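Chains as they are written, first to last, in our numbering: chain A, 1 to 327; chain B, 1 to 585.
These are calculated hints, taken from the structure and not from any lab test.
These numbers were taken from a predicted model, which means no experiment stands behind them.
All C-beta atoms in this analysis are idealised placements derived from N, C-alpha and C, irrespective of residue type, glycine included.
Any given hint might turn out to be false.
What the hints assert, rightly or not - What follows is a set of in silico ranges between Cβ atoms, one per label pair, in the way DEER data are often shown: (1) G500/B with A114/A: 54 to 60 Å; (2) R318/A with V456/B: 52 to 58 Å; (3) S355/B with V63/A: 32 to 38 Å; (4) C510/B with I29/A: 30 to 36 Å; (5) P561/B with I29/A: 47 to 53 Å; (6) V435/B with V63/A: 28 to 34 Å; (7) G58/A with G500/B: 16 to 22 Å.
To be verified - Over the 10 Å line for every Cβ pair with chain A, so calculated as not near, a few chain B residues: (8) A175; (9) V197; (10) N350; (11) I406.
Listed below, chain by chain, are the residues.
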Amino acid sequence: MLRSIAARIAQALGLILAVVCLNFLLIHITPGDPATVIVGESGAGDPELLEQIRAQYGLDRPVIVQLGSYIGQVATGDLGDSYFFNQSVTSLILQRLWPTVLLVGTALTFAVAAGTMVGVATARRPESPLSHGATVLALVGFSMPVFWTGIMLVILFASAWKLLPVQGWHDVSYAPGLLGNVADVAEHLVLPALTLGLIYLAQYSRLSRASMLEVLESDYVRTARAKGLGERRVVYKHALRNAIIPVVTVIGLQFGALLSGALLVETVFNWPGLGRLAFDSILRRDTSVLLGVLLVSSGMVIVANLLTDLLYTVIDPRIRLRERTNV
Amino acid sequence: MKKWRLVVAVLAVFALVSAACGSDDDDDAGAPATTAAADTGTDAGDDMSDDDMADDDMAEDGDDMSGDMDDDMSDEDMSDEDMAMAACNHGENVGGTLIIGSTQVPRHLNGTVQSGYATAVPGTQLNASPLLYDDEYNPMPYLAESWEISDDGMTVTLHLVADAVFHDGMPITSADVAFSIQTVQANHPFKPMYAPVTSVDTPDEHTAVINLSQPHPAILLAMSPGLLPIIPKHIFDDGQDMKTHPRNTEDFVGSGPFRLAEYEPGTIIRMERFDDFFIEGTPCLDEIVMEITPDPTAIVLGLENGTTHLSATLGPQANVLRLMDNPDVEVSAKGHEAIGQVQWMEMNVNDPALSDKRVRQAIAYALDREFLADVIDLGLTFPAPTGIVTASPFHNTNVNHYDKDIDRAVELLAEAGYGPGELQLSIDYIPPTQVIYAEYVVQALEEAGIVTELSVSPDFPTWAQRVAAGEFQMTINNVWNWGDPVIGVHRTYLCDNRVGVIWTNNTGYCNPEVDGLLAAAGQELDAAERARLYAQFQDIVAEEVPIYFLTTPPFWQAYNPLVMNPPTNNIWGQMSPMHTVWLDQ
Numbered sequence: 001m002l003r004s005i006a007a008r009i010a011q012a013l014g015l016i017l018a019v020v021c022l023n024f025l026l027i028h029i030t031p032g033d034p035a036t037v038i039v040g041e042s043g044a045g046d047p048e049l050l051e052q053i054r055a056q057y058g059l060d061r062p063v064i065v066q067l068g069s070y071i072g073q074v075a076t077g078d079l080g081d082s083y084f085f086n087q088s089v090t091s092l093i094l095q096r097l098w099p100t101v102l103l104v105g106t107a108l109t110f111a112v113a114a115g116t117m118v119g120v121a122t123a124r125r126p127e128s129p130l131s132h133g134a135t136v137l138a139l140v141g142f143s144m145p146v147f148w149t150g151i152m153l154v155i156l157f158a159s160a161w162k163l164l165p166v167q168g169w170h171d172v173s174y175a176p177g178l179l180g181n182v183a184d185v186a187e188h189l190v191l192p193a194l195t196l197g198l199i200y201l202a203q204y205s206r207l208s209r210a211s212m213l214e215v216l217e218s219d220y221v222r223t224a225r226a227k228g229l230g231e232r233r234v235v236y237k238h239a240l241r242n243a244i245i246p247v248v249t250v251i252g253l254q255f256g257a258l259l260s261g262a263l264l265v266e267t268v269f270n271w272p273g274l275g276r277l278a279f280d281s282i283l284r285r286d287t288s289v290l291l292g293v294l295l296v297s298s299g300m301v302i303v304a305n306l307l308t309d310l311l312y313t314v315i316d317p318r319i320r321l322r323e324r325t326n327v
Numbered sequence: 001m002k003k004w005r006l007v008v009a010v011l012a013v014f015a016l017v018s019a020a021c022g023s024d025d026d027d028d029a030g031a032p033a034t035t036a037a038a039d040t041g042t043d044a045g046d047d048m049s050d051d052d053m054a055d056d057d058m059a060e061d062g063d064d065m066s067g068d069m070d071d072d073m074s075d076e077d078m079s080d081e082d083m084a085m086a087a088c089n090h091g092e093n094v095g096g097t098l099i100i101g102s103t104q105v106p107r108h109l110n111g112t113v114q115s116g117y118a119t120a121v122p123g124t125q126l127n128a129s130p131l132l133y134d135d136e137y138n139p140m141p142y143l144a145e146s147w148e149i150s151d152d153g154m155t156v157t158l159h160l161v162a163d164a165v166f167h168d169g170m171p172i173t174s175a176d177v178a179f180s181i182q183t184v185q186a187n188h189p190f191k192p193m194y195a196p197v198t199s200v201d202t203p204d205e206h207t208a209v210i211n212l213s214q215p216h217p218a219i220l221l222a223m224s225p226g227l228l229p230i231i232p233k234h235i236f237d238d239g240q241d242m243k244t245h246p247r248n249t250e251d252f253v254g255s256g257p258f259r260l261a262e263y264e265p266g267t268i269i270r271m272e273r274f275d276d277f278f279i280e281g282t283p284c285l286d287e288i289v290m291e292i293t294p295d296p297t298a299i300v301l302g303l304e305n306g307t308t309h310l311s312a313t314l315g316p317q318a319n320v321l322r323l324m325d326n327p328d329v330e331v332s333a334k335g336h337e338a339i340g341q342v343q344w345m346e347m348n349v350n351d352p353a354l355s356d357k358r359v360r361q362a363i364a365y366a367l368d369r370e371f372l373a374d375v376i377d378l379g380l381t382f383p384a385p386t387g388i389v390t391a392s393p394f395h396n397t398n399v400n401h402y403d404k405d406i407d408r409a410v411e412l413l414a415e416a417g418y419g420p421g422e423l424q425l426s427i428d429y430i431p432p433t434q435v436i437y438a439e440y441v442v443q444a445l446e447e448a449g450i451v452t453e454l455s456v457s458p459d460f461p462t463w464a465q466r467v468a469a470g471e472f473q474m475t476i477n478n479v480w481n482w483g484d485p486v487i488g489v490h491r492t493y494l495c496d497n498r499v500g501v502i503w504t505n506n507t508g509y510c511n512p513e514v515d516g517l518l519a520a521a522g523q524e525l526d527a528a529e530r531a532r533l534y535a536q537f538q539d540i541v542a543e544e545v546p547i548y549f550l551t552t553p554p555f556w557q558a559y560n561p562l563v564m565n566p567p568t569n570n571i572w573g574q575m576s577p578m579h580t581v582w583l584d585q
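Using the sequences provided together with the hints, build the complete structure.
Written as C-alpha cells, this is what we have:
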C-alpha cells in the first residue's frame with residue numbers, strides 16, 4: 001500500500017513538472033504582456049516605464065531562460081512575485097485558497113449528499129412520479145450553464161426577494177463577532193455553493209440512481225431481503241455502499257471541472273477565491289500569479305484523485321484485499 | 001456511520017468558523033458610529049455656503065483653468081475647514097461606514113508612483129495633497145493654506161498648514177512636499193506634470209518653493225489630490241525602489257483624512273477615520289470600505305439593495321438607466337469632469353489609404369457621433385467634436401464637426417481615387433465594451449462604399465500590443481484628458497511621442513505647427529491666450545482628422561440618498577478626499 005502511494009506521489013511530481021512547463025509556455029505564447037497592462041492601467045504611454053517593468057520582472061529575457069528560472073524558483077517553494085500587486089504569489093494564493101476550499105467543499109458535499117439521496121429515492125421506485133420528476137429536474141440542472149444559474153439565483157434571492165446577499169463572502173460594513181461572522185459567511189455561501197452544486201447534484205443523482213438500480217438487482221441484495229432484513233437496512237447498509245463507488249470515481253475525475261466551475265461562480269458572486277484570482281490574472285497577464293494558481297489547482301486535482309483511490313479501499317475492502325494480493 | 005456524521009459536522013463547523021475568523025481582521029472595525037463632529041462649528045453652515053466659496057474664495061477669474069498664474073490665496077480666504085465643520089455638523093447623524101463599490105483594482109495605494117482611477121480613489125482618502133479643486137476648475141486650499149506664483153511664473157510658493165500630521169503622528173513639513181514632488185517627478189507615468197521643476201526649496205518647515213525651468217500653468221492642477229499625494233519622507237526615503245516599496249500597501253502611513261485599516265489585494269480596502277486630521281471636525285465618516293468586484297452588475301444590485309452606497313463604475317449604459325429609474329438611488333453625471341474621458345477613433349496615418357487626408361475626412365463625414373451618443377449610448381454620453389472635453393475651459397466648440405454627409409464622403413473618396421467598394425479597411429477596438437462602436441463604424445462606412453471588417457482582439461493586452469506596434473488601420477480607443485491638456489492631451493499628438501506604447505501618438509500623425517502650438521500653450525501664463533492657442537490646435541486637428549472624436553462619456557455616479565455631500569461637487573469626483581461625506585442614518 002505504502003509503495004503504491006509512493007509511486008503515485010512520484011507520478012504526481014512528474015505530472016506537476018509537466019503542468020508547470022506546459023502552462024508557462026502556453027501563457028507566454030499569448031499576445032500581450034504584463035508591462036503593457038500596467039502601463040495601460042496607469043493611463044499614460046510611458047516607454048521608460050514599459051522598459052523598466054520588463055527589466056524588473058525579467059520579461060526582456062528569452063522565454064526558455066525565464067522558464068528555467070521559474071522552475072528553479074518553484075523547486076525551492078518560491079512562486080515568485082505578482083507583477084501587478086508586487087506581492088508574493090504564495091501570500092496572494094493563501095489569501096484566496098480558503099474561500100475556494102470552503103466553496104468547493106460545500107458545493108461538493110451538498111451535491112454528493114443530495115444527489116445520492118435523490119438517486120437512491122428514485123431508484124427504489126423507478127416508475128414513480130417522483131422518479132420521473134427528479135429525472136427531468138436533473139436534466140434541467142445539468143443543462144443550465146453555471147454562470148446563468150448564478151445570475152438567476154441572484155436575481156431571485158438577492159434582488160427580488162432580498163433574502164440573501166448579492167455578492168462577497170462576508171458583510172464588509174460590520175464585524176459582528178465570531179458567531180455572527182460564522183452566520184454571515186454561511187449566509188453569503190448559500191447562493192454560490194448552491195449554484196456550483198446544482199449541476200453536480202444533477203449528475204450524481206443520475207449516476208447513483210443508475211448504479212443503485214443495478215445493485216438492487218444483485219443476488220446479495222435479494223439474499224439480504226430473503227434473510228428478512230428491513231428494506232432501509234438493505235438499501236443503505238448493503239446496496240448503497242456498493243452503489244456509491246462509481247460516484248466516488250466520478251468525484252475524483254470531475255474535481256478539476258469543479259474547480260473550473262468555481263472560477264465562474266466566484267466571478268459572478270465576487271467570491272474572493274482562487275478562481276477569481278486566476279480570472280483577473282489572465283486579464284492582467286499576471287503570469288506569475290496565474291502559474292501559481294494553476295500549479296495549486298493541479299496539485300488539488302492530483303491530491304483529490306489520490307484521495308479517491310484511497311477512499312475506494314475504505315468503501316470496499318475487497319479492493320484493499322486485491323491490492324494486497326497483487327503486491 | 002455516526003462517527004462519520006460527527007466528523008463531517010465538526011469539519012463543517014470548523015470550516016465556517018475559520019472562514020469567519022478570516023473574513024475580518026478587526027472585530028471592532030464596525031463599531032457603532034460616533035458623533036465625531038457633533039460639537040464643532042455650529043454656526044459654520046450659515047457662514048459658508050457653496051456660493052460663498054465660489055464667489056469669495058476662488059481666484060478672480062473663476063473660469064480660468066487652474067486660476068491665473070498670479071493668484072494669491074490668503075488664510076482669510078480659507079473656508080474649507082469651515083465648510084467641513086458645517087458638513088459634519090449634523091449631530092447624531094454623523095459617522096457610519098460608507099461602502100464604495102468599484103470594479104477597479106489598484107496595484108497599490110501610493111499615488112506618487114502610480115496613476116489611474118483605481119489607486120487614486122483610495123489614495124486620496126489616505127493621503128492629502130497641497131490643493132483641492134472645486135467643480136469649476138478653481139484651486140482651493142488643502143495642505144497648502146495659501147500659495148503664490150511669481151510674476152514670471154518661474155516659482156510657486158506653498159504655505160502649508162501648521163498643525164498637519166501623518167497617521168503616525170509625525171508633522172507634515174515642506175520637506176515631505178519636496179520629497180513627494182521629487183518622487184512623482186522620478187516615478188509617475190505622467191512625466192509632463194513636473195518635468196519643468198528644477199528644484200524645491202524648503203526655507204522653513206511650512207514653506208515650499210517650487211522652482212521651474214519655464215512657466216508651467218498646469219502645475220497647480222498637478223497638485224490635485226490624485227496627482228500629488230504628500231507622502232512621509234521619513235518612511236519612504238530609505239533608498240528602496242518607490243514603485244515596489246513595501247510600505248505602498250503594508251503598514252501604510254498617509255497624510256489624509258482616513259488611515260488604512262485593512263487591505264486585501266483586489267478584494268477590499270478598509271479605511272478608518274484619522275482623528276488627528278488637520279481639518280478640524282472631519283472626516284465625518286467612521287469608515288470607508290471599498291469593495292472591489294469584477295462585475296458591475298453586482299455593484300448595481302448592491303446599490304439597489306442598499307448594501308453599496310456609492311459607485312462610479314456602473315458598467316453598461318443599461319445599468320445607468322436602470323438605476324435612474326430607481327427612486328432609492330441617486331444618479332449624477334457631476335464630478336470627475338477633470339478626467340475628461342473621450343472615446344475616439346484613431347486612424348493610422350502611415351497606412352497607404354489613410355495617409356490621404358481626403359480619405360480620413362470622408363470617413364469623418366460618413367460617421368455620426370450624435371447617433372452614437374443619442375441612440376447607441378441611449379443619451380447617456382455626449383458628442384465629442386474635439387479631443388479636449390466640453391467641460392474643459394480649453395474646449396473649442398467651433399471646430400469642423402463633420403456633420404454626417406454621405407454625398408460629401410463619396411465625393412472625397414472619388415477625389416482620392418476610390419470608387420464604391422474599392423476601399424477596404426479594418427477596425428480594432430478595446431474588447432469587450434467598444435465592440436458596439438466598432439460595429440457601428442462598419443455599418444456607417446458601408447453607406448459611403450467603404451468595406452470595413454472588425455479586427456477582433458480577445459482582450460486588452462492583445463489589443464494594446466497591436467496598437468502599440470502600429471499594426472492597425474483604425475481603432476476605437478478611450479483616452480482621458482486628466483484635467484490639463486499638458487497632462488493628458490499633448491501626448492497623443494506630438495511628433496516625437498511615437499514611441500510604440502499605447503496612449504502615445506499611435507496614429508503616427510506629425511505636424512510641426514501643432515507641436516509648436518502645444519509647446520506654446522503648455523507654458524502660456526495668460527489663460528485667455530492659452531485657450532486661444534489650444535483652440536487653434538483643435539482647429540488644425542479637426543481639419544486633418546488623424547482622429548475622429550466620438551463621444552464623451554460622463555463618469556456616472558450612483559449613490560444611496562443617505563449619502564450626504566457625495567463627491568459630485570468637484571472636478572475629480574471620487575479621486576478627491578471624502579472628508580465631508582457622511583451618512584444620514
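Okay, the hints, checked on the actual structure:
G500/B and A114/A have their C-beta atoms about 56 Å apart, which keeps the hinted 54 to 60 Å range intact. Look at R318/A against V456/B: about 56 Å separates their beta carbons, and that is inside 52 to 58 Å. A beta carbon spacing of about 36 Å between S355/B and V63/A agrees with the range 32 to 38 Å that was offered as a hint. Taking 30 to 36 Å as the suggested C-beta distance range, the pair C510/B and I29/A conforms, at roughly 35 Å.
The given range of 47 to 53 Å is respected by P561/B and I29/A, whose C-beta atoms sit roughly 51 Å from each other. Distance hint check: the CB atoms of V435/B and V63/A are about 31 Å apart, consistent with the given range 28 to 34 Å. Look at G58/A against G500/B: about 20 Å separates their beta carbons, and that is inside 16 to 22 Å. Every CB of chain A lies more than 10 Å from the CB of A175/B, the least distance being 26 Å, so the non-interface label holds.
With a cut of 10 Å on Cβ distances, V197/B stays outside the contact zone with chain A, its closest approach being about 17 Å. Against the 10 Å criterion, N350/B stays outside the reach of chain A, whose nearest CB is about 17 Å from its own CB. Interface exclusion of I406/B from chain A stands, the closest Cβ pair being 35 Å apart, more than 10 Å.
Violation of the numbered hints given earlier is absent; every hint is satisfied by the structure.
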